[in-house]
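Fit chain B to the given chain A structure using the hints.
2 protein chains.
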Amino acid sequence: MAAVTSLNALIEALGDGQPINKVLLSRSRHDAKIATIVRLCRERGIIFQFVPAEAVERKAGVKNQGVWAEIAPVRFFSLDAALADAQTGLVVILDNIEDTGNLGAMIRSAAAVKTDAILISVRNSAPVNETTWKTSAGTLGKVRLVQSRNLAMDVARLKKAGFWVVATDQQARMNFYDFDFKGKTAVIFGNESKGVSPLLKKNADQLLAIPHDRAVESLNVSAAAAIILFEAWRQKKG
Amino acid sequence: MAAVTSLNALIEALGDGQPINKVLLSRSRHDAKIATIVRLCRERGIIFQFVPAEAVERKAGVKNQGVWAEIAPVRFFSLDAALADAQTGLVVILDNIEDTGNLGAMIRSAAAVKTDAILISVRNSAPVNETTWKTSAGTLGKVRLVQSRNLAMDVARLKKAGFWVVATDQQARMNFYDFDFKGKTAVIFGNESKGVSPLLKKNADQLLAIPHDRAVESLNVSAAAAIILFEAWRQKKG
Chain A
1 MAAVTSLNAL IEALGDGQPI NKVLLSRSRH DAKIATIVRL CRERGIIFQF VPAEAVERKA
61 GVKNQGVWAE IAPVRFFSLD AALADAQTGL VVILDNIEDT GNLGAMIRSA AAVKTDAILI
121 SVRNSAPVNE TTWKTSAGTL GKVRLVQSRN LAMDVARLKK AGFWVVATDQ QARMNFYDFD
181 FKGKTAVIFG NESKGVSPLL KKNADQLLAI PHDRAVESLN VSAAAAIILF EAWRQKKG
Chain B
239 MAAVTSLNAL IEALGDGQPI NKVLLSRSRH DAKIATIVRL CRERGIIFQF VPAEAVERKA
299 GVKNQGVWAE IAPVRFFSLD AALADAQTGL VVILDNIEDT GNLGAMIRSA AAVKTDAILI
359 SVRNSAPVNE TTWKTSAGTL GKVRLVQSRN LAMDVARLKK AGFWVVATDQ QARMNFYDFD
419 FKGKTAVIFG NESKGVSPLL KKNADQLLAI PHDRAVESLN VSAAAAIILF EAWRQKKG
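The listed protein sequences derive, respectively, from chains A and B.
Numbered per the working numbering, the first sequence finishes at 238, counting up by one with no gaps.
Numbered per the working numbering, the second sequence finishes at 476, counting up by one with no gaps.
Looking at chain A on its own, in the form it has when it is part of the complex:
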């Protein structure tokens, strides 16, 4: 994974629209260049964090300019840009998927059903990096990824844009195949052990269960995603 550790190189990369995963800024520096970096990150929706000087040093080395950024293997989209030429009316929301293998597998399945956008929560999610590229079998470059700082807010925006928001939940009364996926739909998949977070479940328009034998406690989240996304694709195509 390529990293940028110079102020000027980072300003240039940001200005050029280069894909950047994350920017770390030393708390002990305040100058015009840092301000420019913060402004450009805000404009492009790139995650930045002010951290102790030592945290930057650990990443960028002792002689550093108080900044470290990780180049992403893909570029990220804003939610608006991702939806601008939406085609399938299917959006995938990944709520704290921690395992890189699952993240890549879910991106691959989402790409295979031509998802308009994949929202990834910034906190506690597996990073989008070279490993994700591999686990997604290269499909990372074929989807529009949106880094979300606040999934609840983005869910509200999707609803406003006419999306029906559904979340997977084992206790749900409706089975996934009884849901009508033909309209604009955003599907939330949750963390491997905790599932979809309570606030998002509460905000969802509909909870959907995948019925299975009760001797098995739960499904793997990427298996659940494959099952639901291909049902959506089948309904949308048929």
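Take these hints with a grain of salt, some might be off.
As the list claims (entries may be wrong) - Interface residues of chain B toward chain A, partial, derived using beta-carbon atoms under 7 Å:
{"id": "1", "residue": "VAL454"}
{"id": "2", "residue": "ASN458"}
{"id": "3", "residue": "ILE465"}
To be verified - Stretch-level coverage of chain B by chain A, calculated; a stretch enters the list once three of its residues show a Cβ under 8 Å from a Cβ in chain A:
{"id": "4", "region": "342 to 348"}
{"id": "5", "region": "375 to 388"}
{"id": "6", "region": "438 to 452"}
Rather than coming from a laboratory, the hints here were simulated on the basis of the structure.
Think of the CB as a built atom: it goes at the ideal place given N, C-alpha and C, for glycine as much as any other residue.
Chain B alone, transformed into the frame defined by chain A:
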């Protein structure tokens, strides 16, 4: 992974019905105990291999009795035993699944739809070990695993037992949801890069495609398994 390296201990373990993954026997030894081990392995359908003495030495150490066996975290069934009290009429055949993560995920999905048996090809497959136990989320203990030395022969036996044998194939003309899974069905899933092997495809009664956007070359095999197995479960239940 526990290993057995003494002749007597191995004979005892085999006699007790302990789950054993694989037995290596030195080619340079021939005696009554080795003959007993071979007989017990044959009876229980456990894989054994005669290998050069050095191969046993590498596993069991310099002072060895010409034998090395790996205790499995689960016990294996013969195909007949697995089908003896079959309930769902659904069998999963894993043809050279090389990735432990995929193997575990597919076992987990198969367990969730109460598969009667999971056949795993012995050659070139990921081993059934502690890692598989983890990637299967512990469901390894809830399914009947059958080690298959010859999938083509076992497919023939399944057909004789009244199973309709289907294989996934991207070029197939029939879509998976147009197939009737209500009868006794065995589904073959193939290697991550090579797919289902040509002979098994030829012997299958029906090839099934999972339609998807052509911009994406192929699906992950464990995603494909989840999609097809849950369609089977849905049809069988509904």
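> Can the hint on VAL454 of chain B be confirmed by a CB-to-CB distance to chain A that is less than 7 Å?
Replying inline: OK, holds: VAL454 of chain B within 7 Å of chain A, min 4 Å.
>> How does the region 342 to 348 of chain B fare against chain A when you require at least three residues with a CB closer than 8 Å, holds or violated?
In response: Coverage by chain A holds here, the residue count being 3 at a Cβ distance below 8 Å.
> Taking a Cβ-Cβ distance under 8 Å as contact, does the region 438 to 452 of chain B have three or more residues in contact with chain A?
Replying inline: Since 4 is at least three, the answer is holds.
> How about ILE465 of chain B: closest beta carbon in chain A under 7 Å, or not?
Replying inline: 5 Å, holds
>> Just to be careful: measuring from the Cβ of ASN458 of chain B to every Cβ in chain A, is the smallest value less than 7 Å?
In response: 5 Å, holds
> With a cut-off of 8 Å between beta carbons, are at least three residues of the region 375 to 388 of chain B near chain A?
Replying inline: holds (count 3)
Hint violations for this structure: none, all hints satisfied.
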